[in-house]
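Q: If you read the protein sequences in the order shown, they are chains Y and X.
The UniProt record's numbering applies: residue 1 is where the first sequence begins, and numbers increase by one.
The UniProt record's numbering applies: residue 1 is where the second sequence begins, and numbers increase by one.
Incorrect hints may appear among the rest.
[Stated by the list, open to error] To spell it out: a stretch of chain X is covered by chain Y in this simulated footprint if at least three of its residues, at any positions, have a beta carbon under 8 Å from a beta carbon of chain Y; those stretches are:
(1) 21 to 29
(2) 154 to 162
[Unchecked claim] Computed list of lysine to aspartate or glutamate pairs in DMTMM-like fashion (alpha-carbon distance at most 25 Å, straight line):
(3) Y:210 x X:64
(4) X:381 x X:118
(5) Y:198 x Y:336
(6) Y:18 x X:64
If you are wondering where the hints come from, they were derived from the structure by calculation, not from laboratory data.
Where a beta carbon is used, it is the ideal one built from N, C-alpha and C, also for glycine.
2 protein chains.
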Amino acid sequence: MEQQTQQQLESFRNLARKIKSYHEAIGLLHWDLRTGAPKKGVPTRSETLGMLSTEAFKLQTSADMKSYLDTLTSPAVLEQLEDIDRRQVEDCQKEYDRSQSVPPEKVQAYTVLTAKSETAWEDAKHNSDFAGFSPYLTDIVKLKQEFIDYWGVKDTRYDTLLDMYEPELTVEKVDAVFARLKARLVPLQEKINASANKPNTEFLNQLFDKDQQEKFSLFILEQMGYDFEAGRLDESVHPFATGLNPGDVRITTNYLQDDVTSAVFSSLHEGGHALYEQNIDDSLAGTLLAEGTSMGIHESQSRLWENMIGRSLPFWTRYYKDLQQHFPQLSEVELEDFYRAINRVESSLIRIEADELTYNLHIIIRYEIEKMLFNEGLEVKDLPETWNAKYKEYLGIVPPNDGMGVLQDVHWSGGDFGYFASYSLGNMYAAQILHTLRKEMPEFDAHITDGNLIPIKEWLTDKIYRYGKSRTPSELIVAVTGEELNPDYLADYLEAKYTEIYKL
Amino acid sequence: MEQQTQQQLESFRNLARKIKSYHEAIGLLHWDLRTGAPKKGVPTRSETLGMLSTEAFKLQTSADMKSYLDTLTSPAVLEQLEDIDRRQVEDCQKEYDRSQSVPPEKVQAYTVLTAKSETAWEDAKHNSDFAGFSPYLTDIVKLKQEFIDYWGVKDTRYDTLLDMYEPELTVEKVDAVFARLKARLVPLQEKINASANKPNTEFLNQLFDKDQQEKFSLFILEQMGYDFEAGRLDESVHPFATGLNPGDVRITTNYLQDDVTSAVFSSLHEGGHALYEQNIDDSLAGTLLAEGTSMGIHESQSRLWENMIGRSLPFWTRYYKDLQQHFPQLSEVELEDFYRAINRVESSLIRIEADELTYNLHIIIRYEIEKMLFNEGLEVKDLPETWNAKYKEYLGIVPPNDGMGVLQDVHWSGGDFGYFASYSLGNMYAAQILHTLRKEMPEFDAHITDGNLIPIKEWLTDKIYRYGKSRTPSELIVAVTGEELNPDYLADYLEAKYTEIYKL
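Whole structure, please, built from the sequences with the hints as guidance.
A: Here it is as structure tokens:
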């Protein structure tokens with residue numbers, strides 16, 4: 001490589017590193033806001049966050065960035081680059097193109113609109129007042145449609161949105177996998193509804209000491225191999241994980257006095273996200289590739305740990321006695337009954353409270369509606385009717401009001417269309433990865449029953465975590481499992497699990 | 001004002017606001033590092049901190065800043081500015097001139113040198129190895145002497161350093177006040193040493209529950225009027241206060257199991273710093289004037305609360321029964337004995353462990369040595385000998401090794417010459433302010449005995465806190481007390497206090 005090109009590459013790496021540093025500062029400021037920042041400091045804090053985000057954005061779209069990318073994306077140079085550099089260059093080019101294409105005044109309008117809209121949504125949800133939110137949502141959809149034109153329409157307009165959260169994902173692919181999934185899950189759900197063998201969950205309705213909940217969460221995280229020298233556990237209203245850098249990946253959980261399962265499963269969930277970020281390879285440190293490769297793959301790791309390991313019989317065969325030690329009120333409850341209770345399936349209205357099976361139906365509904373909004377001319381005013389019809393069709397229930405229906409999620413108020421699909425993709429990726437993992441590690445169940453979770457963490461590190469964003473989601477899933485995303489693994493997993501639990 | 005000038009003023013305010021936002025982010029990153037950041041994230045965090053500091057520095061010395069300052073400092077414009085704008089302009093001009101005058105390669109060399117030097121100092125202190133630290137210190141003094149030339153020599157070379165921490169302070173002034181102070185404190189100290197009425201402190205050597213220490217600290221902070229909606233209390237190895245913005249002023253303390261007084265007095269001390277920052281007027285929000293006006297005035301507030309209120313008899317007349325409730329092991333100890341114990345005076349080697357009286361002698365020693373280094377040709381190699389001679393002269397004791405002597409403080413390893421004086425200035429300012437406060441509030445002692453500390457906080461807010469950096473230290477002390485810094489108030493205060501305690 002010529003010396004001048006080498007210098008451009010060096011400068012590009014430094015610029016990316018600088019952007020990454022801004023992301024770390026922004027991440028910490030957000031974490032702090034959600035874990036205990038004094039409330040009177042919030043307005044100034046928000047201003048500081050806005051300033052840092054603007055600076056990071058300016059660097060990503062700067063003349064310097066353009067000049068480095070122009071040099072480094074020329075085919076002759078690109079093919080000489082090492083893998084990590086090439087990936088980072090491609091990633092930055094994609095970001096650059098996307099940001100450059102929208103006029104700044106449109107970006108500004110969007111920022112102002114979504115800020116107002118989130119407040120309007122909170123009120124509207126609280127009062128079940130769709131009409132009060134509808135004007136904001138109409139404007140957001142309109143502006144987002146304009147953005148799609150600027151960004152460039154892929155196969156369909158909605159494809160452009162999907163690609164933002166899951167690179168290379170298309171409507172064609174999602175349509176196919178969701179159709180297949182729906183075809184298998186709706187009948188399964190109906191059989192479960194009809195089953196007489198419903199788990200008893202009454203014993204979960206007790207009071208559980210918060211200090212003991214925290215102790216048990218810490219214990220489980222330690223068992224998973226969460227590195228407390230590279231992270232910490234705090235409390236927040238909504239649990240989350242945030243990777244500031246691979247040596248500082250923090251998680252939060254929420255201890256509910258009347259529900260011991262909430263903290264346990266959110267610790268497993270956020271712990272799964274955290275294992276991913278903690279185990280990214282050192283060679284990616286300081287690059288923009290030192291993060292999860294997509295929302296879907298990230299979610300696959302939280303759900304693999306939360307559901308496929310954490311709600312399994314082998315897991316509780318090993319850990320139930322520890323839980324009982326922390327909570328003597330469960331001492332009379334049999335393992336089998338506990339296991340069945342934490343796996344109860346029930347049609348419900350609220351996505352975030354849904355079980356492992358119906359969760360996917362909640363997502364499919366949202367995906368179909370978003371696609372209608374962006375590809376098929378559905379109007380915002382008709383959203384509640386469409387929403388309720390789909391809940392009736394897929395889950396057999398109808399929300400009594402819009403607050404518990406179409407207004408329940410924050411996503412649309414912030415313009416995050418295309419995001420929901422990632423949640424179910426996560427479930428499908430997880431089941432597909434689990435299938436390979438079981439094949440390659442025949443002692444998988446035995447390891448869990450022995451409380452030996454580290455080999456599982458290591459297998460996942462070797463196959464997934466260490467690559468960070470240096471492989472695309474589809475490269476990754478093919479490399480790990482030998483095939484593209486295949487919804488049958490999730491359907492197989494759920495059918496097997498619930499056939500046994502509900503004695504179908 | 002012309003429209004163009006008005007625009008320049010607007011842009012200047014925005015630039016200052018942006019610098020302030022960087023300071024907030026930097027402050028939070030530091031706070032986090034000292035209160036629980038995972039250790040594996042520290043190297044990357046340090047890089048992020050370095051990046052943000054560099055960006056803030058660049059803005060302060062940018063071409064934009066120069067252009068705004070050129071417009072706004074022209075006499076015709078300056079006299080039209082409102083007080084806050086004018087102060088901020090003057091402040092930024094001073095920073096700009098100081099930063100611009102030193103060539104960047106010298107700044108870089110200084111940064112690298114002090115980073116290495118702090119590590120070398122830690123080892124040297126640990127091993128009492130002055131020879132191991134001496135080469136670093138020699139280089140730092142040499143570079144600092146060069147900086148003084150760039151910054152411009154005031155009356156003497158050391159004046160330039162003093163001014164950095166306490167604007168407008170001069171060697172001439174400090175020489176005068178320290179000479180006066182020494183003349184009164186050294187004999188007082190000798191009389192105390194000779195007194196047969198030594199307080200008994202044996203009962204302080206017990207174990208004290210940490211949770212109770214935290215509860216008592218929170219209680220005292222609440223009594224002082226510390227606003228927990230605009231701050232929080234955490235634990236760290238070295239207690240500190242940090243004002244991110246007036247709505248977010250955090251403090252830390254350190255709970256020692258075998259010493260209940262450490263946490264109590266550090267909470268009062270940091271609480272005093274915090275009251276200052278929490279009560280800066282809203283009109284200064286988002287400006288670079290929204291902070292304490294100098295190290296000395298800041299320290300006056302921590303020491304006024306810690307010593308003059310917190311170690312007073314009225315204070316414990318009110319709060320001793322609360323302390324006893326938290327710590328039943330003190331239930332047999334009389335108030336009078338407790339009060340005398342926390343006010344024991346003793347010649348000792350370590351500054352940070354010194355009592356209210358001898359502390360000032362530790363500072364005078366350091367001030368005299370720094371002045372010799374920068375104004376009188378003292379060589380670094382001769383520091384230990386000079387140090388030990390002064391400890392012998394003023395405190396009657398000699399360090400058994402350099403780790404407990406000349407190597408005890410971190411300041412010089414970071415190049416912070418000129419800083420030490422602020423500590424004693426704080427004591428003197430505090431006593432002088434207290435004198436006025438007592439005069440203007442005759443019920444001062446009665447308020448304290450009643451546990452009614454809020455009027456005191458309000459008086460200090462009205463006279464000092466609300467002005468932030470919009471008044472210079474000397475403007476402030478003259479406005480509050482009617483005269484320039486006068487060391488007699490501190491000497492009077494200490495003589496009266498110890499005459500009674502030691503029955504001199």
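Q: Residue 381 of chain X and residue 118 of chain X: Cα distance at most 25 Å?
A: 18 Å, holds
Q: Please verify the coverage claim for the region 154 to 162 of chain X: does it have three or more residues whose C-beta sits within 8 Å of some C-beta in chain Y?
A: Violated - the region 154 to 162 of chain X has 0 residues with a Cβ nearer than 8 Å to chain Y, which falls short of three.
Q: Is the straight-line distance between the alpha-carbon of residue 198 of chain Y and that of residue 336 of chain Y 25 Å or less?
A: 13 Å, holds
Q: Sort out whether residue 64 of chain X lies within 25 Å of residue 18 of chain Y, counting only the CA atoms.
A: The given pair, whose Cα atoms are some 22 Å apart, holds under the 25 Å limit.
Q: Check, residue by residue, whether the region 21 to 29 of chain X contains three or more positions whose beta-carbon lies closer than 8 Å to a beta-carbon of chain Y, and give the verdict.
A: holds (count 6)
Q: For the pair supplied as a hint, residue 210 of chain Y and residue 64 of chain X, confirm whether the alpha-carbon distance does not exceed 25 Å.
A: The given pair, whose Cα atoms are some 54 Å apart, is violated under the 25 Å limit.
Of the hints listed earlier, those the structure fails to meet are numbers 2 and 3, in rising order.
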